[in-house]
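Turn these sequences into a full structure, and let the hints guide you.
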Amino acid sequence: MASIIALVILGLLWGGVYLLMAEGLNLIYGVMKVVNLAHGDLIVFGGLLGYSLFAHAGFTPIAALLPVALVLGALGAVVQWGILERIPLVGADGELRTLLATFGLSYVVSNTSFLLWGGQFQSIPFLQGALRLGPIAIPEGLLACSLAAFIAALLVDFWLHRTLAGKALRATAQSPLGAASCGLEIRRIRIIAFALGTAMAGGAGALVIALVPFQISSGGDLTVQSFTLIALGGLGNYLGAWIAAEILGLAEVLSQYYLGPDIASAIIYLLFIAVLLFRPQGLLGRLGRV
Amino acid sequence: MARQRQVRSAGRIILAAAWCALCAAPAARAAEEGPIRVGCSITETGPYSPPAVFELQGYRLAAEEINKAGGLLGRKVEIVNYDDQGNPSTAVQLYQKLIYSDRVDLLLSPYETDLMSAVAPLVTRAKKVMPSLGANVDAFQGQFPYLVQAITETPRYMGPAIDLAASRGYKTIALLIQNTQFPQQLARGIEQEATAKGMRVVFKESFPPTTTDFSALVLKAAEAHPDVIVGATYLADSEGIVRAAKAQNINAKMFAFSIGPVEPEFGRGLGAAADGVFGTTLYFPTLHTAGNAEFVAAFKEKFERMPDYHAAVAYASLKVLAEAVRKVGSLDQDKIRDALLAASVDTVAGHFQLSPTGLQIGYTSYVLQWQHGAQALVWPADQATAAPELPHGAW
Chain X
5 MASIIALVIL GLLWGGVYLL MAEGLNLIYG VMKVVNLAHG DLIVFGGLLG YSLFAHAGFT
65 PIAALLPVAL VLGALGAVVQ WGILERIPLV GADGELRTLL ATFGLSYVVS NTSFLLWGGQ
125 FQSIPFLQGA LRLGPIAIPE GLLACSLAAF IAALLVDFWL HRTLAGKALR ATAQSPLGAA
185 SCGLEIRRIR IIAFALGTAM AGGAGALVIA LVPFQISSGG DLTVQSFTLI ALGGLGNYLG
245 AWIAAEILGL AEVLSQYYLG PDIASAIIYL LFIAVLLFRP QGLLGRLGRV
Chain B
75 MARQRQVRSA GRIILAAAWC ALCAAPAARA AEEGPIRVGC SITETGPYSP PAVFELQGYR
135 LAAEEINKAG GLLGRKVEIV NYDDQGNPST AVQLYQKLIY SDRVDLLLSP YETDLMSAVA
195 PLVTRAKKVM PSLGANVDAF QGQFPYLVQA ITETPRYMGP AIDLAASRGY KTIALLIQNT
255 QFPQQLARGI EQEATAKGMR VVFKESFPPT TTDFSALVLK AAEAHPDVIV GATYLADSEG
315 IVRAAKAQNI NAKMFAFSIG PVEPEFGRGL GAAADGVFGT TLYFPTLHTA GNAEFVAAFK
375 EKFERMPDYH AAVAYASLKV LAEAVRKVGS LDQDKIRDAL LAASVDTVAG HFQLSPTGLQ
435 IGYTSYVLQW QHGAQALVWP ADQATAAPEL PHGAW
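Top line first, the protein sequences correspond to chains X and B.
Taking this note's numbering, the leading residue of the first sequence gets 5, the next gets one more, and so forth.
Taking this note's numbering, the leading residue of the second sequence gets 75, the next gets one more, and so forth.
To be clear, the hints were calculated from the coordinates, so they are not data collected in a lab.
Don't take every hint at face value.
To be verified - Quick list of the computed label-pair ranges, beta carbon to beta carbon: (1) Leu274(X) - Gly272(B): 35 to 45 angstroms; (2) Ile155(X) - Lys171(B): 49 to 59 angstroms; (3) Asp97(X) - Ser163(B): 30 to 40 angstroms; (4) Gly108(X) - Lys171(B): 23 to 33 angstroms.
For glycine and all other residues, C-beta sits at the position ideal for the given N, C-alpha and C.
Here it is in structure tokens:
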């Protein structure tokens, strides 16, 4: 029997990986109420960009993190400025219009990836060993991704709650009209938020491609996985997303061991259905927020 | 009045038909003197295009060589191909067009199994022979009599790898299987081969194709203490299993995968961790098969890259088809099929021989190993370019 401790550690670390990939989506939804359906494709784009930096310039995923995040952030800013900002959000079908726009964007991003990198799975050999604590092995790659997820979550939380720009962002999220009447440049603030969200998606991709090979069609699954996770935690809720990610990681690893891999892949959705039935606002979400 | 109009329109139809027949007759005669047109759909664009483009290049090279050697039945060979974008329903429409509108003389196969299976009923209805590049055995049990298999059948994929393990005295296997059609059929072949060689499968588990985290699965497999960990996999899952094994320091005497190590991306993605891992391939540029050295040289010159197995089996399938046509002396599809079923030909991809239902029983597979960052052909011994490095050391 593998020690239950080893499985729990693996589960928590994979939870960190899932969180890392969902954070950008959570930020964009939290402050803008836009579900970015291109999220997974942006993660893959970031990952493949990191792969190219590794293959042609020798950048490790950690060194590639910043350049990839900058490129994806710039891309996000252009998308927000050029497309989403011009779509009226008011009315019953306001959210539907942004959904359609980001759905279209997902095609543009994944096909651009295909033109640039082709259709094959790519990955990077990096941090493949393990830290040993007595009999327990802690995979380095998983640990690095989890730490990055944790740091990113802390930084975003600090930025949103302790800085003027962050507070302006939250004010804009609560009431665009109120924020604008206080003299905030809500256009610019929304561009920053979307750019930050896509930068986080790209950064996540640059790290995770060292753990999971990416191919241009991987994006769809990642979007669904990330969206399920943030919905589970309560859309836009950071602590909730973190708890949901850890629960998912644990459930996935433990069920893969005890119940078999077929059930493990279904567990995320079984949990999601249970939450929708019994706590539709998500684990830590407030009623009426969704 | 109405009746009169009917008669008149009937007359017009007859006239039109006669006119068409008059026009078509010279055209048909011209077609017989023109090139022999060989049709296929190929995934030239989209995520599934890289192997299919190799296949198209294999077909093109074969056609070029046939033409250089004087053509077929005194006529040139011309390949008519359309892009199916990897979509089975598009492929069906394209084969419909090839058969009924373009009226091609011969058919070649699309890649891969999904597309081939989609066009199989249509091709069979039209009674057109098609050397098919689908490895799964289902299409070659007799229900599609005009399809013949021109690639190694799935159950034989990993036979030589099991043979290598058995030759080293390894006794137990842990089998990890992706839960899709090809790997499952492959796993049944592995189990049969293992039993035949006196080995035992001590752990067997399947996983869905969306799995990205293999840590718990590999941990569980290791508890059965297998000599060999075998994956019936594709590229991404084979990498995932190797990563999980290395990160948790799970060791076995041998790691072997069906698809994964054969791709160059396996070595690029895993770096040093790829070294020592075994994979299966249906072809290798150094094989001592009939005409292989010439094929590799010609392919390299024409397309500026080394041929892979898709290119080799495609090239061989057109060569075998042409040989059958030559033997028959006409384009009679039934006679061509019978000639193919009776064929026993050495090709660049191996010895081409079929069962009475068209199953490929001649082609086999080969074992490669990543050694010092490159693939080496290690088994069977008579084709090897390097000795297999066994057992696999600790990570």
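Query raised in the report: Okay, leucine 274(X) versus glycine 272(B) on CB: inside 35 to 45 angstroms?
Result: holds (42 angstroms)
Query raised in the report: Holds or violated: 49 to 59 angstroms for the Cβ distance of isoleucine 155(X) and lysine 171(B)?
Result: Holds: the Cβ-Cβ distance is about 57 angstroms, inside 49 to 59 angstroms.
Query raised in the report: Do the Cβ positions of aspartate 97(X) and serine 163(B) conform to the proposed distance bound of 30 to 40 angstroms?
Result: holds (32 angstroms)
Query raised in the report: At the C-beta level, are glycine 108(X) and lysine 171(B) separated by a distance inside 23 to 33 angstroms?
Result: holds (31 angstroms)
Violation of the numbered hints given earlier is absent; every hint is satisfied by the structure.
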